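**Student:** Sequence:
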Amino acid sequence: MRTTPALAAAGLAVVLLASSCSNSSGSSQPTVPASDAGATSPASPTALAGAVDPNAPEVVEPGDIPDDQVFIAFAPADDIYTVKVPEGWARTESGADVTFTDKYNSIALRSSPAASAPTVESVRTDGLADVASDPTFTLADVTAVTRNAGTGVLATYEIGSPSNPVTGKKALLAVERYVVFHNGTAVTMTLSGAKGADNVDPWRIVSDSLAWK
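Numbering (our numbering), first residue to last: 1 to 213.
Treat the hints loosely; a few may be bogus.
Said to hold, decoys possible - Taking lysine-lysine and the DSS-like style, the derived pairs with C-alpha atoms no more than 30 Å apart in a straight line are:
hint	residue 1	residue 2
1	Lys84	Lys195
2	Lys170	Lys103
3	Lys213	Lys170
4	Lys103	Lys195
5	Lys213	Lys195
6	Lys84	Lys213
7	Lys169	Lys195
8	Lys170	Lys84
9	Lys195	Lys170
Because the hints were derived from the structure by calculation, they are not lab data.
Being a predicted model, the structure only gives us computed values, none of them experimental.
The whole structure should be built from the sequences, with the hints applied where relevant.
**Tutor:** Spelled out as C-alpha cells, the structure:
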C-alpha cells in the first residue's frame with residue numbers, strides 16, 4: 001500500500017507533538033554534570049590562626065609629654081605625702097584615689113594603711129589584683145626599686161585603656177606601678193601612657209618627687 005505525502009506529513013507532526021509533550025511533563029531542573037556531583041558551596045568565613053583580634057588594644061600615636069612641661073606640687077586631703085604632677089592635667093578624686101590625665105597619659109595615686117613594706121612577691125600576687133584579671137593585661141617584670149622617698153617595688157606591664165566612647169577601641173598602654181611604704185602607709189603610684197611614648201624623664205620626675213610629710 002502506498003503512503004501519500006499528506007499522510008506522511010501528518011504522521012511526522014504526531015511524532016513531534018508526542019516528543020514535545022514528553023519533555024514538558026518531566027523535571028525542569030537542568031542536569032548537573034557528573035564532574036560537579038558532590039561539589040559543595042563555599043564554607044562561611046572563619047577566624048584563621050594568627051589573624052588579628054579586632055578587640056585587641058591598638059598601638060596609637062604615643063603623645064609624649066613635652067620637654068617643657070611644668071610640674072607642680074600636689075598633696076592629698078590627708079596630707080600624708082606630696083608629689084609633683086604635670087600642670088594643667090585634668091584631676092579626678094574619689095576618696096583616697098586621685099588621678100591626673102592628659103590624653104592617654106595618666107598618673108593615679110592611692111594611699112592606704114599597711115602593716116609592712118611591700119615585697120616583690122606581695123606586689124606580684126596582691127598588688128596587681130585590680131588589673132591582673134583584665135584580658136589585655138601582660139606583666140613585664142616586678143623588681144625592687146629605690147626612689148627619694150625610700151625603697152619600694154616597681155611593677156611594669158601593658159594593658160588596654162578604657163574603651164574610646166566613639167570607636168569602642170582600646171589603646172595599648174605601657175605602665176609603671178610603684179608601691180612605697182612609710183610609717184604604716186603605702187602609696188601606690190601608677191604612671192601610664194600609650195605604648196611607645198617617650199615618658200622616661202617625666203615619669204622619673206614624678207616618681208622621684210614623692211616625699212613624706
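**Student:** Determine for every hint whether it applies to the structure shown.
**Tutor:** Hint check:
| no. | hint | verdict |
| --- | --- | --- |
| 1 | Lys84 <-> Lys195 | 23 Å, holds |
| 2 | Lys170 <-> Lys103 | 13 Å, holds |
| 3 | Lys213 <-> Lys170 | 38 Å, violated |
| 4 | Lys103 <-> Lys195 | 13 Å, holds |
| 5 | Lys213 <-> Lys195 | 34 Å, violated |
| 6 | Lys84 <-> Lys213 | 14 Å, holds |
| 7 | Lys169 <-> Lys195 | 15 Å, holds |
| 8 | Lys170 <-> Lys84 | 28 Å, holds |
| 9 | Lys195 <-> Lys170 | 12 Å, holds |
Comparing the model with each earlier hint shows violations of hints 3, 5; every other hint is respected.
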